[in-house]
Structure formats: structure tokens, C-alpha cells
Amino acid sequence: MQAFRLGRAPLSTPLSTWRVSSQKPTGPPEQSWRLLVTRLLGDWHWLVLGLLMLAMTNVLRTWLPLAFKQLLESLEPGAALVYWHTLWQDHLYPMLGVIVAMLLVRIASRMLLLGVAHRLEAALRQQVFDRLLCLPPAFYDVNSTGEVMSRLTNDLKAVRFMVGGGIMLVFNTLFAYGATLPAMWQLNAPLTLACGLLYPITLAAIALLSRQVKASFQQVQALLGQITSRIQENLSAIHVIQSYAIEPWETKRFSQLGERYFQASHTLIHSRIWLYLLMSLVTGLGLLLVLWVGGQQALAGQFHRTDFVAFTLYLEALAWPTLSLGWAVTLVQQGRVAWGRVTELLQVPVPSQALLPIETHFSEAMLQAEAQGVAVSVEKLTFAYEPTYQPLQPESTSTDPEQPSLAVLKDNQPSRLVLNEVSFQVPVGSLVALIGPVGAGKSTLLRLIAKRYPVPKRSIFLNNHDLAHIPAADVAAWVSLMPQSSLLFSASMAENLRFGSPQVDGAAVETMADLSQLRADIDRMPQQLETLVGQRGLSLSGGQRQRVSLARTLLRDSPLLLLDDPFASVDADTERRLINALQQWRFQTVRPKTVLFASHRMPWVHLADHVVFLSQGKVLAQGTHRELLGGVAAYRAFVQECDHSFDCAQDEPTELRAVADPAEVFSE
Amino acid sequence: MSQAPIVDAYEEQDETTHPPAMDATVQHTRFGGWVFTALAPWQRDFSLLKALWPLLMREKKALFLSTLMLPLLAMTQAAQPFLLQQAIDGPIQRRDWPGLLVMVLLLLLLLAVAHWLRYWQMAYSQTMGTRIITNLRQQLYEHLQRLSLRFYGKTPLGRLMTRLTNDVENLSEMLASGGISILSDLAIIVGAIVGMWLMHPVLATLMMLVLVLLAFITQFFRVHSRRAYDDIRHRLAALNTYLQESLDGLDLIQTTHQQAATSQRLGVLNQQSRNANLRSVVFDWSYTAAVECLTFIAMLLTLLVGALTLGLSTVEQVPLGLAQLVSALPALTFGQLVAFFQFIPMLFNPVEDLSQKAMVIQSGLSSFEKLSALLETPVEITQSPEAVSLPPTPGEIRFDNVSFYYDDPAHPVLSAVSFSFAPRSDAEETQAPQGEGKATASMGRVLALVGPSGSGKTTLVRLLNRFYDATSGQVTLHGHDVRQIDLASLRRHVIVLQQSDWLFSATVAENIALGEDAPDDDKLNRAVSMANLQPLLARLPQGLHSPLLEGGKNLSNGERQLLLLARAFYANPPVLVLDEATAAVDPATERLIQSALQRLMADRTTIVIAHRLSTIESADTILFLEQGRVMESGSHASLMAANGHYARYYRYQTEEGALQG
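Note that the protein sequences, when read in sequence, are chains A and B. The first sequence begins at 1 in my numbering and counts up by one. The second sequence begins at 1001 in my numbering and counts up by one.
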């Protein structure tokens, strides 16, 4: 397997602790800017070339008004006679040449500079994504993927705009001033001075105003976020709303929010307009100065009328750079905020092990386990979910006091012990069942054995190696966990089946598809194994998805299988066939397979070599199914409860998902 | 994994289509072809603009004022070069100092007026845009409240969210940066043209020719850049979908150790998206640069005409035809030359602006198309004008030959369901003709709906509170057809309690007293104590006024259940529908829930979609459903004695457990 690179930026230095330091990052610290600069300097040759060309277009543009003036001067009454063809040679051809050159150089400069920005965006996205891939589940327990996604998409885009649009515009403005003002000075110093004075004054006003624009922009964005979550909540709860007939109340609440949004937008609109007007006023006042100062000079005979042509053209050349400065300022400000949010992701500490180049070690012990199988020993395992990660700062915290703080409420809840002194043994090649009501800690136990959370020392052993010391990457090679929810990717069936074991051949895929009772389903699909399953595999039924997930897990051929409620969405008939096939497979494989499964469905339990009966994180009893039925009243009651409710493992209807479907959102 | 099929899969999701008219009209005669090509998209746009009209008309004043200002604005813009020309050709030429002062003051006045107008024009039009968006969003929201579960069953929530966020946003952008400002661009173009014509008609004509050339170039780039943007959109959709899916499936990626492969695939998608972006950059900036180039060409032309008419005497060997032509032209004054240099950008910049806005407008209009389709979704559950209100007491529930199907009559969810259920027992005889899908239930307080999943239990209840309307037959409550009952009154009369019911991101009190801004404290406290909710309130820092997170994320499962019970106590409906699924709570909480439930069911009619054997056995009447038909009804004892479907089902369920035990 290829080494997994985390980017070369200084930020990816390993942090040895899991726990996030208590100080929250407020805004982008200096260090993070260094990252951006480093990234940009990596592309320095394109950057420099692009800036040079940008400077060149501005110089060429400055030359044109002068050329116009000279042409006009050469035709003034009283000037020497010129020939038609020399007129072309001396004036018109060079001008045309410069115009075309300007066109080409400008295109090239934009391409180079925006290319740098696009490359930067892609590289940053890769870097952030690579880090996200390394973050443990504990991080995602406190952070919604929506929040993370918005940083990966919207914020990175804002960073690109800052670098591509913002910086380019700023430099363009600098170059335009740098090229034009000296030329103007040479032509007429007093007039240039008068015009030049306008700019600092205006720029100061712009700086003041743009701060206001930024503040109200953030407020509008925060309200927009609230509106979105209100809509989302309303649509998720439409059933309750209609059932309690509170539609009027809901629409009233919504209109109040809408009104607040309108007011905030109103403020934003007005301050934006002021910004725009100020900048367009500069050009207008420039014209006024040319007429006033230049006019007076002309009256005194110091200002030639051809100078009017040159000067008005120069002012015209400065108009767009000045106007665009306001836009650039906005882009840079939005980019700064966005960059802060992006770097917050980059600063989330990654467990030290995950940061190493992820390569499986294939140590001696590993190879042995491959051949001889894995035994699991759980000894006095006690576990509570510790809040190792803090939620990312939501966009709206600073501007929205009404949002209840998660932290306040969370603090009142002591972290509950999910597992309490759990001990049991799983010999090599055995089938062990974890039984217990929902919330007993079965899933947590399985996830701990797969090392999805930090494992307490000396409590779980795989072949007598303390799991706490086994690198996560090695665990991934030893252990296959089939999670409760079966997630499919929008790819072909075959790709979904092979996910996790890309090296297996087609025959193995077919075999596992058969074993998982997928044959009939696959045959009915238009392109069999090459059929594309839609978004999240929603075109398949829950049972089909679960069987794909099972086949995928089995295909990995690891010595230890952890199956979390593997038949929850499968009907009874298929369940029986699946169990038969699984039992057969287990005894036929060359290498011994140790299987640990959680379930509250009975048919497979009585085949288990050992049953661990859990409730509220404690082992109530363990032994064979028969022993427990005979000796443990609570177990008997639980089994009966399970079987007696008519819909114990009823297929839950696919829950309406509140999150916007990504393809929907992004494709439009 | 190979890449190509996945990208295709994402692209399939894309529902946005461009008007097929584009391709169709290319087939037209070559001569007029491009005219059709240019106009075809606008026809659709025009009809959409008509649909937008009512929304605009709600903002008559702002619309009127901001449109009225446009010609004035154009005039003040076009007057500036005019003034410059007058000054140069007049006072400056004549060395007339007071004249120059007048001109300067006039220009100052003009600038002030222009900016004043600009300010109000922008303020009016942009405020109007925001107002329209706020109203539209509210209108959509209100409409969505009235749509039935049938609609919500068919429409993915993601799509609705996209409508209300992205599409509204697109439209908003169209109104803010497109909309009126397009008119203002057009007004300035017209202003510049008129100004040029007044000054020098021949040169103005020449400039118009350049403008036509620019129009052609614009059209060319527009077609290509749209293609490039479509490509970007697809690539970005693929990229973002991949990001989202990877984050959703991160657990799987990590446990199967696919981080490296996942990262590499992102690299590929990343690169594709980047390349698509870079391709469009070429088009975009080529166009911008081309406009700049053309501006200078136009200036050069002006200069040439000016030079020749001004300085004809100093140029030798001008080609004869040209010399004659130029001598026939009215001479261009110096002031006019300067003024034309001002006019030219005024003419060309808006065109560039328009071409950029065309894209915003296109996307805004296509969003609006989807939004108006949503707004036009018919409201299925309507209220009759002479609807009655229900008394706050339980009444007789009667189903008469009720059938229901979703889309396909061949697959009915309920067929010919008939039964009645009265609140007070007057000891009526049970008559249950077996197996005919017809039954008369005895009276009682608890009605249990029993049957395998998919037998229509939930649907039956939803016909009672009109989440759906029966496709045939009649549902009556208190002797009124439910369709003749005031909808709000009906819904408050029959409340459905599900353990998955939503908790709002509001305070605990607001969640209990749903829909009341000033809830009655006594009532609240009674609901809290009846629902055994005190332990939760003791835990929360602000008691009843503690905020809950969306979906009640900061509550435990049991606490959520109790809170939902308190909500039902507060609402105090005469008919309570209970969807009884086994909840994942600890035994102590389970006991709290059970005792609260007992109290809740005490003095009203309760319909239970029953899962627990204990509930079923103690129900007054059991309706046994299978495949949408009432197979049997009666008490547990009588049904067991009848030894029919129910008895078999019951025995099967209990025996299976015993067998395995």
C-alpha cells in the first residue's frame, strides 16, 4: 500500500496528545498565514511571471494615451507635414501592436495568477481532506459533516477568491497606480498632485466603510444560516407541526426571522452602496479637477489641449483599478474569515499514530495471526465516551447570542460509563454473540475492539498483544468491522463490494455475492455487478444494502470479524439462508475466522459457541445459549421479550434525511 | 476503483437542463439560424419574467421609483462628457475664465445629482430585491406547511432544502446584481448612443458598428463560456458529492483502511475540477481582454477620424477616396474628441457587464422556474368553506368502506375498511362477520391496531386526522365527515404521538406548549408532573426555560419520550393515537413512561398501533389488519376463541419465541 501523505506544511507536525487544548483558536493565527504563504511560494515562478505580465499590461496601457497625444500633436496646425504612410508607420501600426500585445499579455497574466489560485485551492482541499481522513470518530461525534463540508467547499472557495481575485486585483491596482501616476506626473505635476490627493482620502473612507460592510455581511450570513436551519427543522418536523396544527405559529416565527434578515440586509445594502458610490465619485472628481486645474492652466497657456486627451485617458485607466479595490477588499476580508475556518480544521489534533505514514507493518505477529487466527481477550474493560474533541466554532457564534450553547448543557451531564468492567474471552475460530437490549454497550464494545476509540491500556488483547499498543493501521488489517448502518457509495455494485479489498479478483466478488444471498438481486439489476447504485445506495432496499455491507466485510478476509447487528434489515427467510451460508463458509475457509457479533435476533444466537449477555454496560451473564436460558431468568425474559413483540426487528422506514442531498445541492 | 463510471453517476443526478430549443433551432435555415439561436432562450425567459411579475407588483413603489430614475441616471451620465466638450471647445478655447468656472460648477452639480440618483436607485432596487426574496421565501414556507404527507413522501427533503436555500439564493443574486441593474446598463448604453449622435452622427454610426462587432464577440463567448461553466458545475458536483460521501463513510474508510485510495481519488477529482475551472478562466479573461482591446480600437478609429478632419491640411498622400470622404465629414472638434473618449467606455463596459449578468439571470430564472413549480404544487388536503369545529370530547369514529392507495389503484394500502368505535360503552353486541373485510367494533376506550408490518395500520390512522384523504369511502368523527371538519380543529382533536416525534430548538416549555407564545403556567406544570418530567427539569440549568438543541439532541432517549408525553398532556386531545414501538430505554425510565402513559390514556379514546402483547391483550377492541383489510375485530378473548387469523398470528408470534427458547 502506498504511503499516505499528509502534506508537507508545517501544520501537520504530529501532536502527541488526543486531547484538544482548552484554548480555542480565535481567528487565523500568524502561523496559519505562514502556511498560506508557503503554499503560494511553492508556485513562485508562476506567481512572479503572472505578476510581471500584469505589470507589463499596465505599462503598455500607460503608453497608449501618450501615443495618442503625440499623434494629435503631430497633426496640430502649424506642425510639419506628415505623409499618410508615415502616419501609419510611426503611429498607427505601433499602437495596434501595443493593443494586441496588451490583450495577449493580460490574458496570460490572468491565467497564470488564477491558475495559482486554483492550484492552491485544490492543494488545500487535498491537505484538509487528508487530515479529515485521519481524524477519529470522536471528532465526528461532536461535529456535523455539514459543518465540515461547508469549510471544505464554501470556505475554500472564498480562500481561492481571496488569492485569485483579491490579490490579483490589489496588485493590478498597485501596478496601475505605479505606471499611470508617474506618467501623469511627467505630463503635468500640479494636476497629478491634485488628482493624487483624492485617492488617500477616498481609501481611508473605504477602509472605514468596508469594516461596516464586513460586520453587516457576517450578520446577514448568520441570519441566513438560521433561516436554513429553521427550514430544515420545519421540514423534518412537518409531521408534528401538522399533527398539532401549529402551522400559523411556525409561519409567524419564520416571518419574524425573515423580517430580521430583511433589516440586516437593508443595513448591508446601504453600506455597500456607499462604498460603491465613494469609489465611483473618485473618477468623477478627477474629471472635475482636470477641467478646473487643467482648464486654468490652459487659460494661462501651460496646458496643451492634447493634454486633455492624455489626462482623461489616464483617469479612465485608474477608474477600474480604483473601483475594483473595494471588491478586492471584500474578497480579502471574506477570505480571511474563511481561511480562519479552514485552518481551524487543519489545527484539529490528529492522534499521533494516525499521523505516521499509514503503512501496515505486517509484523511477525500479524503474519502469524493471518495463518493461525486471532483470539480476543477482554479484561475488565471500562469505558466512557470522553469529549476528546471540541466542536468547531460555528460560523454564527459571535453574532448570534440566541443560539443555545451546547457546552453549557453538555457539562451538566457526567460522562456515563458505557462499559463497566467487561471481561470475556474469544478463542481462535470461535463464534461469540453479544446479546443485550439497545444501549447495552454492544456496539461500543465492537467499535473498541476495532480500535475506533482510544482503548484503555491492558483491557483488550488480540493474541495477547495489548490493543492499546497495536498501531491502528495494523488493527485495520486484522479486524473487519461491519457497522450497523450500511453505507454504500454512488459507484457500481462491484466497486461497492470491493471497497476495502481492492486487490480481490472478480471470482471472489462473485463468490461473496452468492454467499450474501445477493445473486438474485444482482441478476435483476440492469447491468448486474456493473450497475450503479444511486446516492448513498438509496436505490437499494435496506436489506440489500446490509447484505452488500456483509459481503464487503467478508471479502476482506481478515482473521477477526466484528458484525454489528448484521441481519437487522433482512427478512427472516433470507436471514436463515444467510446464517447457513455463513456457517458453511466459516468451517470451509483455510484460515480460522473468529467471529464476534452483536444482535438481538435469536436464530443465530443458539449457534454461538459463547454468549455474552450485556445490560447497561455490564456483563450480566455469559455461557452458552442453553446454559443461559436454563440458569439466567433475566436472559430468558429478554429472549422472550424480543420474540414476543410482533415487530421487534421491524424494518424501519427509511428516515427522511434532513440534510440536503449533496448531488442536489452541488449540481445546481 | 476506476473513475469514469463514478463521475457519470454524479452527472446523472443533475436535473438542470438547458432549453433544448438551442439545438433545435440550429437546424433552421443557415441565414436566419443565428437569430433563432439568439432568441430561443429568451422566449422561455420572457414567460418566466411574466411569472415573476406578480411578485414585482407587490413592490410597486420601489419598482416605479427605481425604474423612473433610470432615464435620469442615464442623462446625468451622458451629460458629463457633453459638459467636458462644451468646456474645452468653449471657455478654454476662448480663454474665458468665468465661463470655465460656470462649467466646473455645472459639472460639480451634475456629479452630485448623478450620485444622489444612483444612491436612491440602487437602494430602492436592492431593497426591493431583498423584500421580494423575503416574501417569496415566506410564501414558499407557508405553502409547504399545507402540503400533505403524500407530497413529503414523494419529495426528498434534500430537494426541498435545495429549493429553499440554493434556488432562493440564486434568485436573490439575480435580483440584486442582475435585475434592475441590467436596465440601468441598458439605460447608460442608450444615453451614450444618444449623446454621441447629438455630437457627431457619423462617428456615432462608426461606433455603433464596433458595438455590433462586440455583440457578435459577446454571443460567441457566451456560448462557449456556458459550455465551460456546465463542465465546471458537473465536475464540482462530482467533487463535492465525493467529499460528502467520503465524510459520511469515513468510518468505513478507516476501518477498511482505504484512506490512501480515498485521498488519491480526491486528487483525481480535484484535478478534473481544477482543469475545468482553468479552461473557463481562459474564456472569461479572453473576453474581458477582447472588450478592452475593442475599446482601444474604437478610440483609435475616433482618433483617426479626428486627426484627419482636424489636421487634413498637414497629412500628405491620403488615398483619394478617403480624402474626399473625410472632407465631406463635419470636422470633429477637440472637445468632441475628448468627449468621445469618455463615451466609448460608457458604451462598451455595460455590454461586458451584461454578458456577465446574463449568466446570473439564466441561473436565477431557472431557479425561479423550479420555485414557481413548487409554489404551484396543489394543496391536496383542503378545507370546505362550511367546515365545522369539533367539541372537546371523544366521539364515535367510523370508517365506511374506506379504501386508499398512493399512486396505483392496483396496489391499495387499505381496501374496503369499515368499522366504528364509540367512546362510551353502551354494551353493544359484537357482530363480526369473518373474513369479509367488514367489522363492527364494540365500544371501548382503547382500540388496538394489530397486524404485520405493511398491513396499513399507520395509514388507517392518517386517514382519521386527514394526513391523507381516503380515495373512496367515508371517514366520520362525531358524525361529521372528516372532510367537513375544520382542519385545525380536527388535527387538535386527534393527536398522533410517535416516539420519533420532533423536538424543536426552542425551550422545554415551548416544546411542551407547542404553538403557544404565552403558555399557561398551571397547565404546563400539570403536564410536567403528569408526564413524570420533573427529574429532567431538575437536571436542566434553567428548568422549563432551558433551550433544547434541534431534534432534542441534548436529551437522553427516555427524557425525549417523557417530554413528548408532556406535550400530549398539554394538548389534551380527545383522541390520542399512539405508535407504540419498543423504545431503547433503561427499565427505570421505562416504568416512568408506562405510568405516564397509563394516566394519559385514562380519559380519552386511544388508538394504539400495538406491538406489545400486554397492550394488545388489554385493549377493548382489536382490529386485525392484513394487506389493507380488516380481517377480524373484537376483544382478545373473543378473537382467540374464534380461532381465526388473529389467533394464528398470535400463536405464531409466541410459539416462535418458545421454540427457540
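FYI, nobody ran anything at the bench for these hints, they're computed from the structure. From a predicted model like this one, the values you see are computed outputs, not experimental measurements. The C-beta atom is built at its ideal place from N, Cα and C for all residues, glycine as well. Wrong hints could be hidden among the right ones.
To be verified - In silico EDC-like cross-links for lysine to aspartate or glutamate, where the CA-CA straight-line distance does not exceed 16 Å: (1) A/K252 to B/E1142; (2) B/K1050 to B/D1501; (3) B/K1370 to B/E1510; (4) A/K380 to A/E421; (5) A/K252 to B/D1284; (6) B/K1357 to B/D1251; (7) A/K252 to A/E233; (8) A/K69 to A/D43; (9) A/K252 to B/E1516; (10) A/K618 to A/E233; (11) B/K1154 to B/D1486; (12) A/K252 to B/E1510.
As the list claims (entries may be wrong) - Pair by pair, the computed Cβ-Cβ distance ranges are: (13) A/L92 to B/G1321: 27 to 37 Å; (14) A/V48 to B/R1058: 47 to 57 Å; (15) A/Q212 to B/A1387: 51 to 61 Å.
Run the distance test for B/K1370 versus B/E1510: straight-line Cα separation, threshold 16 Å.
34 Å, violated
Satisfaction of the hinted span 27 to 37 Å by the C-beta atoms belonging to A/L92 and B/G1321
Check failed, 18 Å falls outside 27 to 37 Å.
Regarding the pair A/K69 and A/D43, is the alpha-carbon distance no greater than 16 Å?
Measuring from Cα to Cα gives roughly 41 Å; hence the hint is violated.
Is the hinted pair B/K1050 and B/D1501 satisfied, with a Cα-Cα distance of at most 16 Å?
42 Å, violated
Taking the Cβ atom of A/V48 and the Cβ atom of B/R1058, is their distance within the range 47 to 57 Å?
At 54 Å between Cβs, range holds.
Given hint A/E233 paired with A/K618 - CA-CA distance at most 16 Å:
Measuring from Cα to Cα gives roughly 37 Å; hence the hint is violated.
Pairwise hint evaluation, B/D1486 against B/K1154, where the allowed Cα distance is 16 Å at most:
26 Å, violated
Given pair status - A/E421, A/K380, alpha carbons within 16 Å:
At roughly 4 Å apart (the allowed maximum being 16 Å), A/E421 and A/K380 satisfy the hint.
Measure nothing beyond the straight line between the CA atoms of A/K252 and B/E1510; if it is 16 Å or shorter, mark the hint as holding.
Measuring from Cα to Cα gives roughly 14 Å; hence the hint holds.
Is the straight-line distance between the alpha-carbon of A/K252 and that of A/E233 16 Å or less?
The given pair, whose Cα atoms are some 15 Å apart, holds under the 16 Å limit.
Satisfaction of hint between B/D1251 and B/K1357, Cα-Cα up to 16 Å
43 Å, violated
What's the verdict on A/K252 and B/D1284, does the C-alpha distance respect the 16 Å limit or exceed it?
45 Å, violated
Hints 2, 3, 5, 6, 8, 10, 11 and 13, counting from the list given before, are not met by this structure.
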